[in-house]
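S.K.: Could you build the full structure based on these sequences and the hints that come with them?
Chains as they are written, first to last, in the working numbering: chain A, 1 to 666; chain B, 1 to 666.
No lab work stands behind these hints: they were computed from the structure.
Remember, predicted model here, so these are calculated numbers, not experimental data.
Treat the hints loosely; a few may be bogus.
The list treats identical chains as interchangeable, and a pair is accepted whether it falls inside one copy or across any two copies.
As the list claims (entries may be wrong) - Below, a list of computed lysine-lysine pairs in the DSBU-like style, where the Cα atoms sit at most 35 angstroms apart: (1) 571 to 276; (2) 642 to 90; (3) 642 to 23; (4) 571 to 45; (5) 25 to 646; (6) 646 to 90; (7) 90 to 522; (8) 362 to 90; (9) 522 to 23; (10) 594 to 607.
Protein chains: 2
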Amino acid sequence: MNRNLEQTAVDTIKMLSVDAIEKAKSGHPGLPTGAMDYAYVVWTKFLRFNPKDPAWPNRDRFVLSAGHGCMLLYSLLHLTGYGVSLEDLKEFRQAGSLTPGHPEFGHTPGVEATTGPLGQGFANGIGIALASKMMAARFNRPGFDLFDYTVYALVSDGDLMEGISHEAASFAGHLGLGNIVYLFDDNRISIGGSTDITCTDDAARRFEAYGWHVQSIDGHDRAAAEKAIASARAVTDRPSIIVCRTHIAKDAPTKHDTPGAHGEPLGAEETAAMKKALGWPAEPAFFVPDGVYDLFRARPKSLEAEHVAWNELLSRYRQAHPELAAELDAMLEGRAPADLADRLLETAGALDADATRGYGGKIMQTVADLMPGLVGGSADLEPSTKTLLKDTTSVATGDFAGRNIHFGIREHGMGGVVNGLAYSGFFIPYGATFMVFSDYMRGSVRVSALSGLRSIWIWTHDSIFLGEDGPTHEPIEHLASLRAMPNLSVIRPADAAETAMAWAAAIQNTDRPTALLLSRQKAPSLDLDDPAMAKGALKGAYVVQDAPGGQSDVIVIATGTEVRFAQDALKMLDGVKARLVSMPSWDLFERQPKEYRDSVLPPGITKRVVVEAASPFGWERYAGADGLMICIDRFGASAPMKDLQKQFGFLPEQIAGRIGEYVRGA
Amino acid sequence: MNRNLEQTAVDTIKMLSVDAIEKAKSGHPGLPTGAMDYAYVVWTKFLRFNPKDPAWPNRDRFVLSAGHGCMLLYSLLHLTGYGVSLEDLKEFRQAGSLTPGHPEFGHTPGVEATTGPLGQGFANGIGIALASKMMAARFNRPGFDLFDYTVYALVSDGDLMEGISHEAASFAGHLGLGNIVYLFDDNRISIGGSTDITCTDDAARRFEAYGWHVQSIDGHDRAAAEKAIASARAVTDRPSIIVCRTHIAKDAPTKHDTPGAHGEPLGAEETAAMKKALGWPAEPAFFVPDGVYDLFRARPKSLEAEHVAWNELLSRYRQAHPELAAELDAMLEGRAPADLADRLLETAGALDADATRGYGGKIMQTVADLMPGLVGGSADLEPSTKTLLKDTTSVATGDFAGRNIHFGIREHGMGGVVNGLAYSGFFIPYGATFMVFSDYMRGSVRVSALSGLRSIWIWTHDSIFLGEDGPTHEPIEHLASLRAMPNLSVIRPADAAETAMAWAAAIQNTDRPTALLLSRQKAPSLDLDDPAMAKGALKGAYVVQDAPGGQSDVIVIATGTEVRFAQDALKMLDGVKARLVSMPSWDLFERQPKEYRDSVLPPGITKRVVVEAASPFGWERYAGADGLMICIDRFGASAPMKDLQKQFGFLPEQIAGRIGEYVRGA
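M.R.: Right, here's the structure in full:
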């Protein structure tokens with residue numbers, strides 16, 4: 001290796017980043033001007049990748065958890081030959097460019113995870129690493145080591161300060177995920193100043209407490225980085241973290257190691273001085289010296305044979321293990337059987353009366369039979385959320401063959417790990433907890449929506465009717481706050497059949513995450529003239545019953561267990577001509593053609609009632625500003641369900657009374 | 001001490017808890033049947049309290065972070081003489097009782113924090129302890145040690161698994177808060193089974209990494225607990241945690257140490273067998289043996305003199321330090337000056353054009369002058385959120401005199417600590433970060449609303465107009481999701497004057513938290529006929545301008561920086577008779593009388609337009625289902641603001657075009 005050329009290559013990463021941020025007049029030069037040395041080592045000596053096939057299933061993954069430092073990644077993607085051109089770098093942070101202000105999954109080739117909200121990438125990497133172990137356990141056979149990839153991640157002090165890093169690191173340490181090599185960019189500078197102002201953790205000791213393998217190096221010593229990464233790779237029974245002490249804006253004469261270099265362009269003067277200090281040409285900007293491309297592209301070139309060999313191995317595997325190969329293909333495609341909804345409806349039809357969480361727990365067994373990619377678990381609430389898969393085992397230290405994952409009391413970490421399983425490209429993962437604790441994992445849920453991941457969020461105990469646990473556990477505003485999130489499908493089924501349809505919709509939502517909201521309390525089935533009517537739930541809303549002759553004066557819209565309350569109420573209302581609409585999902589409904597929507601909610605019937613044990617916020621969309629909202633606009637209370645039902649006005653006779661008054665204009 | 005009586009007293013805690021849960025047929029017996037020994041030691045040998053004055057400012061605080069174990073606390077409150085009767089214990093988890101399913105602040109005397117969502121109490125305790133240090137630094141003078149209280153908290157494995165515990169523990173360790181004694185109930189059982197299934201952290205090592213003083217004991221050895229707590233108290237430069245190894249359902253013959261005992265009643269048979277094993281009378285339930293009350297009440301009785309002495313000390317302090325005493329009284333009362341709004345409006349009037357975050361940063365200096373209880377900081381975003389108070393210092397290790405707090409990159413921890421500062425009863429605390437990261441702290445925000453705390457959440461970068469940072473940083477659904485939360489006041493001001501009113505409203509919101517949503521980009525002042533019109537913002541919405549003669553055909557409602565966009569748009573619309581309404585706060589508006597609301601939004605004008613760079617979700621309430629929503633129903637993008645303004649249709653000419661079409665019915 002030509003020593004000078006290597007240094008030149010490292011400086012190229014740095015200066016491309018500086019120039020791009022300078023041109024954009026916006027960005028974070030700190031990370032790319034401090035992390036370039038060990039990043040160079042990862043990308044030229046360890047990472048297994050093929051820029052021509054960014055989806056290579058057994059590629060190693062590099063996750064930039066510190067997403068604000070994305071120019072480091074974009075520079076590397078460009079230099080190593082991904083589809084990111086020098087022109088793209090010049091368009092950093094501009095409208096429509098391939099190089100947005102933080103990395104976006106699905107937008108830029110080679111970006112493995114959407115990062116920027118700190119700590120998400122840290123947890124995603126652990127999910128992606130777990131996926132490698134689970135795929136190996138399920139598919140590798142003697143002579144066929146199909147899956148053995150490693151996850152490298154660059155994590156910053158911000159990532160480590162975030163609570164999600166604790167949850168995910170503890171989880172990874174517990175499972176002994178040996179295919180993790182995290183590089184902690186210990187630059188000790190954050191926006192607010194030196195990290196000493198806020199944090200004096202002994203990071204090494206902390207990660208030892210989680211059971212990680214820990215090393216500390218000078219992050220600018222590339223030989224030390226190479227040795228440490230090799231050591232980390234050699235430790236296969238524990239995750240590894242390497243504390244890399246770095247200095248931001250290295251070689252910048254005045255901004256070296258200063259907070260000013262963290263998140264603002266260095267400025268023309270400082271950039272010029274930095275180039276001078278490095279012996280770098282002042283012009284042109286975005287300069288890539290001779291030989292640098294060859295150096296960066298030598299590794300992917302040398303890996304091409306490995307890529308070919310892997311594909312050949314897969315071909316031989318199809319011959320040797322046709323059933324397994326079929327299962328693998330099914331997972332990679334992730335396609336739902338055409339008759340999924342019918343089969344789940346059949347399952348639902350055979351169930352005894354239960355809560356929708358109970359129905360969900362049984363229906364998901366059928367889903368698991370049909371969709372080999374379905375894996376998941378809960379945040380220590382398996383018995384309460386009913387989310388343990390049968391006929392399989394639980395993932396445990398050294399044993400990754402099962403499909404159940406015990407996430408521990410770590411909702412946010414669960415969110416990040418579930419998203420990581422989805423990012424891997426293999427799984428349809430689910431994560432479960434109480435609905436009120438969706439708040440704890442909202443950061444991850446948002447990223448799942450933004451990245452279009454197929455994560456399934458199962459949130460049970462979906463209303464005040466959970467009862468005795470009281471207001472800290474009772475969702476009120478959550479339905480509205482989840483419905484408001486773009487690209488998140490939110491479904492709250494009423495009974496067994498609707499729960500089956502909710503699961504079918506979740507599997508059919510291939511380009512977005514789904515939230516399944518399930519009840520703690522019993523949910524007797526709706527009275528339907530024809531059980532097949534429940535398939536209307538796939539369209540988000542459907543008519544459960546209509547006034548005789550179809551001439552209704554009022555439409556009663558309800559969701560979840562409240563649909564049955566409303567149905568019981570309407571039985572008490574002689575003389576009121578009402579249509580009852582079950583509306584488990586706004587977003588599924590809003591994806592229907594106008595004709596269908598108008599057929600369910602005819603614009604001519606302007607009297608509308610909503611029955612939902614949650615905030616009325618947003619329901620004016622369907623009920624109008626003058627509609628009757630039988631909802632809850634305050635926090636809940638601790639009492640047995642029946643008492644709460646009365647206190648909050650959800651007994652069928654109370655509902656009937658209010659509808660009657662409303663229709664009569666009282 | 002009579003050894004037998006002490007054991008009897010401990011068993012009374014345990015059996016009252018078991019009986020109450022049994023009677024309620026619901027609850028978590030695990031914690032109270034494992035933690036009673038060291039809890040007894042805290043309450044009878046260390047805690048400084050007076051049940052007759054639960055608000056005694058210098059009392060020690062006991063926080064039950066593991067709120068599901070609340071029967072332990074209710075039993076202790078009853079036995080030590082708080083206003084919780086035996087009848088109240090019999091009403092555990094029933095409608096309207098003093099003993100709800102999780103502890104609720106402001107509801108039950110002696111409950112210092114609303115807990116149940118795990119980890120919140122852990123962080124609250126740290127805020128309450130920080131408040132002690134800050135009060136001491138500000139008010140203690142030679143001979144007047146007014147403030148020196150200690151915070152004891154019972155924390156569970158669930159609390160420690162949650163990420164917020166990492167954030168808050170790291171923060172407390174950094175600041176060296178020596179007045180913290182946390183007792184970790186290491187019972188190794190969670191709902192899902194043994195904690196070994198999910199967690200193998202070395203908790204002691206972890207807390208050492210944070211700089212805490214750590215001890216480990218047998219949690220059933222009361223002498224060891226007494227010694228350890230005394231040692232913890234003696235360490236004054238670091239927080240302390242004592243790992244108490246306990247066994248849940250101790251003395252229950254079959255459910256001892258089992259997950260089944262964690263969260264379900266033990267059952268009649270097991271309860272009877274447990275009583276038999278303890279030599280406890282089978283009947284009556286809720287039995288308190290002779291001498292037990294005396295034993296528990298001996299300590300508060302002995303502390304009465306200390307309580308009297310403290311009040312006398314305060315009286316002498318008023319004489320010796322009248323100015324400080326006046327400041328202290330102002331903080332305890334927390335009353336805003338009658339002319340607050342006018343004074344803030346005056347400050348605003350003198351400001352140069354800036355972003356609303358910039359206005360906010362300047363206006364809050366005046367607020368700080370007027371309200372000595374105002375303290376706070378940001379999650380490593382002081383320069384971006386403009387939230388550093390001037391003329392004061394920053395809280396730092398060993399120096400708690402300042403009013404600025406550097407929370408680090410720990411949004412959720414910040415939320416919990418800010419709430420703790422509010423729970424202390426002294427401060428009006430604020431916590432700041434980017435609006436999109438309100439997601440990271442939503443768990444704490446919800447508790448602030450549920451507890452009616454006076455926490456102020458400052459969230460800047462309140463729309464896609466933050467620009468280059470892109471969709472990971474751009475709030476879309478957050479406005480709706482925050483407006484949907486009960487008891488949270490949400491205010492998004494348009495300019496300097498409205499920002500002043502937003503701050504005035506925040507201070508006047510004495511029974512609820514406030515969210516201030518502020519812009520990154522410049523917010524030129526609205527054109528108002530009279531600057532005093534901006535005081536309409538205090539009512540949530542007001543008319544900015546009307547069609548000549550007051551006969552408008554359409555009402556344009558806007559918030560934040562979009563009000564000015566709309567005003568500029570209307571200037572381009574000849575012939576359209578429009579009223580422009582600025583609506584910085586839905587909840588303030590909804591608290592106004594109907595007459596006022598109808599005067600701002602006359603029901604007769606049904607054509608409505610909303611201009612807000614966020615999800616339209618919920619706006620049908622004011623715009624009707626057929627209103628024109630100039631909003632954003634997708635995720636944002638990374639580009640300079642001007643480009644995004646055009647891309648998303650928020651240039652004044654674009655807004656004008658759409659309003660014109662809408663009014664003309666195109």
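S.K.: From the Cα coordinates, with 35 angstroms as the cut-off, is the pair residue 90 and residue 522 best called within, between, both, or neither?
M.R.: Between copies only: 27 angstroms across chains, 59 angstroms inside a chain, cut-off 35 angstroms.
S.K.: My question is about residue 642 and residue 90: at a cut-off of 35 angstroms on alpha-carbon distance, are they close within one copy, between copies, both, or neither?
M.R.: Classified as between; 19 angstroms across copies, 64 angstroms inside a copy.
S.K.: Is the C-alpha distance from residue 25 to residue 646 at most 35 angstroms within one copy, between copies, in both cases, or in neither?
M.R.: between (60 angstroms within a copy, 20 angstroms between copies)
S.K.: Given identical chains, is residue 362 near residue 90, meaning Cα to Cα at most 35 angstroms, within a copy, between copies, both, or neither?
M.R.: Neither: 53 angstroms inside a copy, 37 angstroms across copies.
S.K.: Please sort residue 571 with residue 276 into within, between, both or neither, judging by C-alpha distance up to 35 angstroms.
M.R.: neither (84 angstroms within a copy, 52 angstroms between copies)
S.K.: Is it within, between, both or neither when you check residue 646 against residue 90 at 35 angstroms Cα-Cα?
M.R.: between (64 angstroms within a copy, 21 angstroms between copies)
S.K.: If the cutoff is 35 angstroms on CA atoms, where do residue 522 and residue 23 land: within, between, both or neither? Let me know, please.
M.R.: For residue 522 and residue 23, only the inter-copy Cα distance (22 angstroms) is at most 35 angstroms; the intra-copy one is 61 angstroms.
S.K.: Go through the copies and call it for residue 571 and residue 45: within, between, both or neither, with a Cα cutoff of 35 angstroms.
M.R.: Neither: 73 angstroms inside a copy, 62 angstroms across copies.
S.K.: How do residue 642 and residue 23 come out at 35 angstroms by Cα distance, when the copy is not named: within, between, both, or neither?
M.R.: between (64 angstroms within a copy, 17 angstroms between copies)
S.K.: Is the C-alpha distance from residue 594 to residue 607 at most 35 angstroms within one copy, between copies, in both cases, or in neither?
M.R.: Result: close both inside a copy and across copies, 20 angstroms intra and 22 angstroms inter.
Comparing the model with each earlier hint shows violations of hints 1, 4, 8; every other hint is respected.
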